[in-house]
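Participant: Fit chain B to the known structure of chain A by using the hints.
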Amino acid sequence: MSETGETLDLNKLPFKTRVRPYLIVAPALIITIGIMIPFIMAIFLSLTNYSFRRPSFTFVAFQNWSRILSSREFWHALWVTVQYAFFSTVAEMVLGVCIAMLLNSLNNWFSKFLRVALIFPLMIAPITATIVWQLMLNSSVGIVEKFLNLFGVYNFPWAAAPATAMMTVVMIDLWVNTSFVMLLVLAGLQSLPKSPFESARIDGGSAWFNFVNLTLPMLKPSLYIALLFRLMAALQEYAIIFGLTKGGPGDTLMNLSLTSYQTGFKFQRIAQSLPYILVLWLIVFFAAKFIVKKQRAAQRQASGLES
Amino acid sequence: MSKKFLLAVAVLATALVGVASAEINWRAYEGTTLNVMFNEHTYAQAIIAKLADFEKLTGIKVVYSTTPETNYFDKLNTALSSRTGDPDIFMTGAYQTWEYAPAGYMEDLDPYIKDSNKTSAAYKYDDFIPGIINALRWDLVPGHAVGIGKLWALPMGWEINTLTYNKKIFEAKGLKAPKTTKELYDVSVALKEHAGSGTYGLAVRGTRDWGTIHPAYMSLFATWGGKDFEIENGKLVCKLDSKEAIAMTDYWVKLIKAGGAPQWSTYGWELCGADLGAGKAAMMWDADRGGYTQNVKGASAEAGNLAFSGIPLPEGITVQRSNLWTWAMGMNAYSKNKDAAWYFLQYFTTPEFMLYSGTEGACTDTPRQSVMNSKAYKDIVGEAEGYLQTFAEVSANASIFFTPQPYFFETTTMWAEVLQDLVVTNKYASTEEAMKQLAERLTDLVSDLEVK
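Keeping their order, the protein sequence lines are chains A and B. Residue numbers 1 to 307, in my numbering, belong to the letters of the first sequence in order. Residue numbers 1 to 452, in my numbering, belong to the letters of the second sequence in order.
These aren't lab readings, by the way, just hints derived from the structure by calculation. Worth double-checking, as some hints may not be accurate.
Partial selection, computed: residues in chain A whose CB lies under 10 Å from chain B [stated by the list, open to error]:
id, residue
1, Pro55
2, Gln134
3, Leu135
4, Asn155
5, Ala159
6, Ala160
7, Ala165
8, Met254
9, Ile270
With a straight-line Cα cutoff of 25 Å, these simulated SDA-like cross-link-like pairs (lysine to any residue) come out [to be verified]:
id, chain 1, residue 1, chain 2, residue 2
10, A, Lys266, B, Leu140
11, B, Lys336, A, Arg53
12, B, Lys192, A, Gly142
13, B, Lys452, A, Asn49
14, B, Lys257, A, Gly142
15, B, Lys338, A, Pro55
16, B, Lys257, B, Glu244
17, B, Lys257, A, Phe156
18, A, Lys266, B, Phe409
19, B, Lys192, A, Ala163
20, B, Lys182, B, Glu244
21, B, Lys75, A, Ser56
22, B, Lys436, B, Gly225
Yeah, the Cβ is synthetic: ideal placement off N, Cα and C, and Gly gets one too.
Isolated chain A (complex conformation):
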């Protein structure tokens, strides 16, 4: 009932008011449709023999899937993907946290300068950074080679040998992306309440005690966000590996992204390339879901909603 005693007829609400809820969700809906169309098409085409080479295609059911899942290439690519994601994400998380803690504990001109300077790699496209690193690591003209020569190390193979190739690409990834973790952790550190630390200091808590029992639990939400972004990107890595070795030497660095790209674009077997990328999607999806769940729990814990 309205103030005047008249019954409010919802159908008589102005048109703009009635469509408002739909307008609010429209952008999200359009984006979702935009994402879902290629995704559903990818699933469908993976069940066909679609190729750039043929004007038409036929349905082949799970032929591509069974062939790929039973191939050595797939399991090798999966192993390379997991290795790369593990090494680069762990190293970036550890380094990022250490650097952020160091910068947070210092408050002088040097730490302020470093906060700005350490962000520079984030502004460079990974492929550009890779090309620059390729030249720096070159045994003929590279500055890193000249530096190593001072210590009696000559012709270090870097990306040219299977034993050192993974280390080299992870090193470049570290250079490009550690500052991303550092930025998030630094922001998290600066938003922590001061009172628990002051209480701990009065009680004589050591720096290690403070880190393990105060900083780390309260920092967990920020750490999970950094982990989420870095792990997802590392699982999908393409630019650094392709720019440096194209997946070589041999097939040393052929991860799921590169194998899919090579099969789809270089060899023009689009349908056969899709299972690789759909498996990668599944891995990223479940990993992201797990981390988001953990992040929410940590957020509630840090807010005092859960013990």
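Facilitator: Quick look at chain B alone, frame taken from chain A:
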């Protein structure tokens, strides 16, 4: 009427027909817009420099894009597969036509060339060097050699693979340009660390793709007598397990290990050329124009010190067989502006334009015989020591020594991968084992190709 009068009329009529067909109406497609896709290359730059002249002559507007080679063919593959007709014209290589033409993406150019209403008499198709123009002909049958069938593209330039060496380093070490494979091996070993750590004898490509196989490796492979595929019982059969293929590959692996770049497996043509130009590599076996461009005054630290030599020969072999690469331009079969596109192709492959591109345009290896014979060309290109002589010597038997088949990029990538494994890993007990396994895999891969 006298016979003389009739003869005079006949001669006049023939002359008039000749004049009429000599010049086409270049304004026939005025107002058309053409989309062109270029790979980032000197050949494309020469065309771009003269686009305004073409637009002024024809009234055709040209919209173009240039893409670095690393991504060019991915972009082109996607564009062609859309079958929208965009781009109308695109840069391609001969090997790419083995994929694009069977897929129906490329227009046969023969009917345009033969049509006197569309092609100026001044075009002189016969002026193209036969070996080069024929590299772009194929009958679409996997296993059949190039040179027969339809013409899928027109050449912009070509490259043979020869040895470029640093004569200053060779003189300082008292060495001579190698003429045999044994000499090449010995010289490469002798020049290892010729000026300290990081310097080495021979730069050759080593990345994990077809680019590693097609220049120096394939040239020596063919010279050695190797073949990639042969047709047997109506099927393509890989021959990389032949005696010649194993012996050559074994030599190549030893050569790279003994005298190649320490980081060979990451080397494309850019790094090979950069090392040669910087004096880090004493020799490079790659596309002749790669060495040539490093030798141009001001282009590199070693400019002026580079000289050219032919293919080192294995024992008992007397013929140099350089594998050939040609950059060319093709027409999209789905183009909606085919006649205007033909005008573009025609204009930028005329003897007149190619004289410009071969001299001022720095496209050194011209596909036109008339340009190659011209004084202007000889004066410019001949400045590089041994270049023209080597070119004449090696180009005589240069050809495409790969067997045309649509899985070319897949087979050569697998080939390069095994080569990398042989050089930098202990994955295989011997070269023979690696090549036998590779041959088996490649035969299996091409087994679904129909050889009519």
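Participant: Now look at each hint and say whether the structure bears it out.
Facilitator: Hint-by-hint comparison with the structure:
{"no.": "1", "hint": "Pro55", "verdict": "holds, 6 Å"}
{"no.": "2", "hint": "Gln134", "verdict": "holds, 7 Å"}
{"no.": "3", "hint": "Leu135", "verdict": "holds, 9 Å"}
{"no.": "4", "hint": "Asn155", "verdict": "holds, 4 Å"}
{"no.": "5", "hint": "Ala159", "verdict": "holds, 5 Å"}
{"no.": "6", "hint": "Ala160", "verdict": "holds, 4 Å"}
{"no.": "7", "hint": "Ala165", "verdict": "holds, 9 Å"}
{"no.": "8", "hint": "Met254", "verdict": "holds, 9 Å"}
{"no.": "9", "hint": "Ile270", "verdict": "holds, 9 Å"}
{"no.": "10", "hint": "A:Lys266 / B:Leu140", "verdict": "holds, 20 Å"}
{"no.": "11", "hint": "B:Lys336 / A:Arg53", "verdict": "holds, 21 Å"}
{"no.": "12", "hint": "B:Lys192 / A:Gly142", "verdict": "holds, 18 Å"}
{"no.": "13", "hint": "B:Lys452 / A:Asn49", "verdict": "holds, 23 Å"}
{"no.": "14", "hint": "B:Lys257 / A:Gly142", "verdict": "holds, 20 Å"}
{"no.": "15", "hint": "B:Lys338 / A:Pro55", "verdict": "holds, 20 Å"}
{"no.": "16", "hint": "B:Lys257 / B:Glu244", "verdict": "holds, 20 Å"}
{"no.": "17", "hint": "B:Lys257 / A:Phe156", "verdict": "holds, 15 Å"}
{"no.": "18", "hint": "A:Lys266 / B:Phe409", "verdict": "holds, 7 Å"}
{"no.": "19", "hint": "B:Lys192 / A:Ala163", "verdict": "holds, 23 Å"}
{"no.": "20", "hint": "B:Lys182 / B:Glu244", "verdict": "holds, 16 Å"}
{"no.": "21", "hint": "B:Lys75 / A:Ser56", "verdict": "holds, 21 Å"}
{"no.": "22", "hint": "B:Lys436 / B:Gly225", "verdict": "holds, 17 Å"}
In summary, this structure violates none of the numbered hints.
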